[in-house]
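So the sequence lines, in the order shown, correspond to chains A and B. For the first sequence, the working numbering begins at 1 and goes up steadily by one. For the second sequence, the working numbering begins at 1001 and goes up steadily by one.
Hints should not be assumed to be uniformly reliable.
[Stated by the list, open to error] Among chain A residues calculated to face chain B with C-beta under 7 Å, some are: (1) Asp-108; (2) Ala-143; (3) Tyr-146; (4) Gly-157; (5) Ile-159; (6) Ile-163; (7) Ser-170; (8) Gly-181; (9) Ala-280; (10) Thr-467; (11) His-578; (12) His-581; (13) Ala-591; (14) Gly-592.
Note that these hints are calculated values from the structure, not bench results. Where a beta carbon is used, it is the ideal one built from N, C-alpha and C, also for glycine.
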Amino acid sequence: MHITALPIAVPLLGAAALIAIRPFASRWFDDLAGGAIAASVITLCALLLARSARHPFAYWMGGWRPSHSVTIGISFSIDPLGAGLATFAAVLIAASLVYAWRYFDEVDGLFHALMLIFLAAMVGFALTGDLFNLVVFFELMSAVAYALTAYKIEERGPIQGAINFAISNSVGAYAVFIGIGLLYARTGALNMAQIGAALNGHRADALVIVAMTLLFVGFLTKAAAVPVHFWLADAHAVAPAPVCVLFSGVMVELGIFAVARIYWTIFAAPLAPHADELRAILVALGTVTALWGGVMCFAQRHIKRLLAFSTISHVGMFVCGIGLLSAKGLAGVATYVVGHGLTKAALFMLAGILLYRLDDIDEFDLHGRGRAMPVVGVLFAIGGLSLAALPVVTTFFGKSLLDGAALDAHYRWLPALFVVASVLTGGAVLRVAGRVFVGWGAARRRDEAQAEEAREEHEGNGGHDRTPPLMVLVPAVLLLAAVVVGLIPGAVPGIELAAAHFTDRAAYVGWVLHGVVHFAPAATSHVEGFDYLYAAGATAGALGLAALTLFGAPLLQRLPAMPVRASTAALGVLRELHSGHIGDYIAWWTAGTAALGGASLILLT
Amino acid sequence: MTFFPFAVAVWLFVVGLYGVVSSRNLVRTILSLTVVQSGTYVLLLGIGYRNGGQAPIYADIPAVSKAVDPVVQVLVLVDVVVEATVTALLLALAIQAHKRFGSLDPHELRALRD
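With the hints as constraints, model all of the structure from the sequences given.
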């Protein structure tokens, strides 16, 4: 008996049981059972993490081990980064379920069951070593996520958000299906190690490039890179807060993880001669995403939508980090994902408290109305600082690794881009904290369309007189973790080592197909002096930007009219693109895929 | 094996996308989505096809017979299950959309815009 399959089997069976006993179960039983199952999955994943950190291993379902180096069965190929991500997903699910105890006035076992299936899918996605298995868990995760988005099925926003989410991500998944089909046609294999071994030593031709483009686009649709990101803001704006915690905290990052996994297991060897060009393509994609998300984030007044665009901006940083195609870049992304996920989870929970108490999520409507909740306000501001990568917070260590990787790859301007993204996203959150919880700045602004949208969203259970302590405690603990995880001795070097092993393609084939663990030696880095400088600059910039928007109105009026009008018009065009119309989104998806495919075919063959 | 099935697969994928983009009715959007997915079925089955191959059910035929690739057929089967789930979910959402927006036209869904 082996525990490898249990982190998927336990929540799936638990979900089935919760649905079976739904007519008889009471609320407290569902809460207790859901929490207990999530806690057991955390334990199981942590055990896998501990074991794989010593010795990564492949587990063959049903004992169908490879015969003469040819895979027959399906493997879970467990390495510390995958197991760590699975553990992280389980922690966020548990936190979200505990938060939801008090958040929902009325909820039944269906919600808990959906959350547990979601968990099983995310864990399977992070652990599997088989490309088709990956897409099955991807689809399972997606289908549950659509249902969770539309959990408040009687309201208009969630219906439209779920439709946009479902159609966008389904199209992405079909692209992945085609990519897998092409790779199977070429190699006759579905196991990632086997495909990688088969392609090793061959130059990438058009078929391999097209397969890679389709796989990347499919998973980047989940990760919400521009221009396939449109669904994310819609889904996050309308999904219940405990669900947004998972969407932003870990689901989107799993898309990035998949891109990293398939690149290093499958495409790294055949594309080695063109690594520089691929790096340029991915960094360009990440740069556009980081800036687009950052600007849109700062332009929002619907707080959950603001946080959603902040996630898109950070996804841009992750795409850049992966796109640097180095172990250090991957380590930076992995570290940043932990810090960002914990922070964003906490911020969505705090936004949920605003809905729970005040039944509103519009920044201007809420002007000063958060004064009665000083603790929530302080936590919100800490979240903003964490997004701005304040020194010695976990995100800071991630960012310093990303900076180092960028300089190693001779992208000297990339650290400056990261600073801009941090300033925009951190500044937006700090601005909200100042306006809502202190009452700084103006109480009114003209664009009423979005205010209506924000007002329309109630999630059905606002207007409570007091906040249950548990609902503040959970985000407080998550933020504490976001601050201290990076300071735990050995945590960041451990991630760096795991990332170095993750990118060791030859070793991956060895430990998956032959059970032989042999890694090339890897070095760890340390934080440089200029990292503190960049991070301090980003934090100061975020604070300054927030202050400028809150108090700078007289100053801004003195600016020359021309550039102000031009940038307002540009922003208007950008916002117009987020039309909420699914046909528009798929048109962008098609154009983006064609552009990425065209650029890849020209530059990489 | 000819080029033909792959051309059909690409055509279905692209024409389905065009359907999603141009649709003025959510039910048509959802059905166009299934057309996109049909492209993936044809592609996968085309990859596994062998000229003169039989169905890979070895209970009835000698084990040495030429057969089509069963792996891609399994993939298509999974694909079909996914389609059933997602289509059912989307159609349920379309019913709700009609109830709440009073229309199935994507242009009339105006709860979310920036």
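### Task
Report the numbers of all earlier hints that the structure fails to satisfy, in ascending order.
1, 9, 10, 13, 14
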